[in-house]
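Listed here are the chains, written in short residue letters.
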Amino acid sequence: MLSPAEWSALKLSLILSTGAVLLALPPGVLLGWLLARRRFPGKVWVEMLVWLPLVVPPVVTGYGILVLFGRHGWLGRPLLEWFGVHIVFDWKGMMLAAAASGLPLLVRSVRTAIEGVDARLELAAATLGFAPWRVFWNVTLPLVWPGLVAGLVLCFARAVGEFGATRVVGLNTDGNRTLPLEIYAQIEAPDGSGGGLLRLVLLSLLLSGAALWVCEMLLRRRKEHGG
Amino acid sequence: MIDARFILERGAFRLEVELKSNAPVVAIAGPSGAGKTSVLNAISGLLRPASGEIRLDGVVYDRPETGIHLPPHRRRIGYVFQDNRLFPHLSVEENLLAGWRRLRPAERRVGFQEVVELSGLGPLLGRFPATLSGGEQRRVGIGRALLTSPRLLILDEPLAGLDRQLRDSLLAYLMKLPQCLDVQMLYVSHTLGDLLALARDAAVIRDGRLRLLAAPEQLLDAGANGVTETVEAGLAGTVAGPAADPGFLCVVVGGDRITVRGPACPAGTPVRLLVPAHHVMLALPPLPALSVRNRLPARVAALHGDGGQVIASLDVAGQRLFADITSDAVRELALRPGVPVIACFKAQAVRLSM
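Those sequence lines, one after another, are chains A and B.
Per the numbering used here, residue 1 is the first one in the first sequence, and the count goes up by one each step.
Per the numbering used here, residue 228 is the first one in the second sequence, and the count goes up by one each step.
The set of hints was computed from the structure by calculation and includes no laboratory data.
Among the clues, some could well be false.
As the list claims (entries may be wrong) - Partial selection, computed: residues in chain B whose CB lies under 7 Å from chain A:
(1) Pro299
(2) Leu324
(3) Ala325
(4) Arg329
(5) Cys477
As the list claims (entries may be wrong) - Examples of chain B residues lying across from chain A (beta carbon under 8 Å, computed):
(6) Leu273
(7) His300
(8) Asp310
(9) Arg312
(10) Phe475
Being a predicted model, the structure only gives us computed values, none of them experimental.
Glycine included, each C-beta is placed from N, C-alpha and C at the ideal position.
Turn these sequences into a full structure, and let the hints steer you where they fit.
If you want it as structure tokens, here you go:
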């Protein structure tokens, strides 16, 4: 039904987006919590930095990663020298790009959810002997669960749809294209096989729809459990 | 034993606190907005004092001058909040056990079954906080704090916002705690009735200072002009057996027997009697024949108030009883501290709590 190129695009999209969500999860939750609960100097700047990938053209995000993680970049050089890891022009860089573009949505969701949690509950937990990390793990996190799931799904959907940044950072060769990249490649192709294009478009719609459905199911199950 | 001397500052607000007591129940009174809750927050570690020192059982919890501040989760101070603050995502049982689980087994002085029985929460263990009534939520809040085996139990207006019947049953529950569980309680309220029924020591906030009073009854002086609420005494007694009439019980208070309305219960059961001051009359011996069943020999300890209303604080075999009388009566009976009197109240006027 699907051509090998389409299969590999679907597979790569799924792997990259899932990886991007996992990559964005720890910093996303941490940043969301920091922005919701802590006051610290430079908070405004952190906030802007988090927002950046959402407001600048994705190509610029990709270029930023290229500069930072390139062979001679601030982060790229030590990574290469110490660990022998090279990120750009590779699936790792594409995953990072997808994570960066999804992060703002995750942070925003988590932050809003944490702000909705009564801080007085957290104080009460402290008087019951909960250390700060335990307050977060046992009280805050279970209460922000719906917001977190929503944020993760948005992040996933954004990662699946990411085009510009992954295009800049990744290899645009057969077997190294995500769904959007493959779609674009087919549009550009001189022989323009219309049927394949339609299949890919439907596939990406299906993927986003599935993500939203999973999110809905998780939230509904939670509600039924009386939480 | 609480021993605190500290200063709280926040903007223009400044409160000087001096509180040292080993009484099982220490009351803190003061008008709304005087900073009662801030004092509690400082003692529990949620708020940092500007200077001074907070000690509990000899251990320094706060001393800003030397940078000592024990974080709240390591203080082992149970805190019952005015707004309960139960965890909405946990069942009653999980809420109760939240703090208990944080203790090492050796630190668990208060047992789960004990608290469940004492607070009557057995049937509610599987429920979630949102489905509980106000009184039930308060009981879970108290039980949850108790199960941390606290070194100090802080209660912030635990009876506020509850109806009369709930207040009585919760007050009775609270009165049992210090002896049952051996924990010092810091009790904040602006209701004189609770404070006088419970506390052996009282502090009051006035003009930006919190000071311990020589005796809890001095709270009556503090608000004497306009003690409009019911002042109540809590007497400890032991059931002696059923009285002559069905539905009534004989209870021994000090060395004397009195009769109260109450359900049959075995002799030897310890009980608390709540006696409202306006139901108590004073007589000088010898007494004529009276229908009033209860006549306790007492001694006037102090007279509070000066206008029309006087609250006489009485010493009944070492316990406190209050009588709400007129100043005219005070003059006619020539009452003053030290005068022996007989305190009389009807069996029906007493509320009994187990």
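Hint-by-hint comparison with the structure:
no.: 1; hint: Pro299; verdict: holds (4 Å)
no.: 2; hint: Leu324; verdict: violated (10 Å)
no.: 3; hint: Ala325; verdict: holds (5 Å)
no.: 4; hint: Arg329; verdict: holds (4 Å)
no.: 5; hint: Cys477; verdict: violated (43 Å)
no.: 6; hint: Leu273; verdict: holds (5 Å)
no.: 7; hint: His300; verdict: holds (5 Å)
no.: 8; hint: Asp310; verdict: holds (7 Å)
no.: 9; hint: Arg312; verdict: holds (4 Å)
no.: 10; hint: Phe475; verdict: violated (44 Å)
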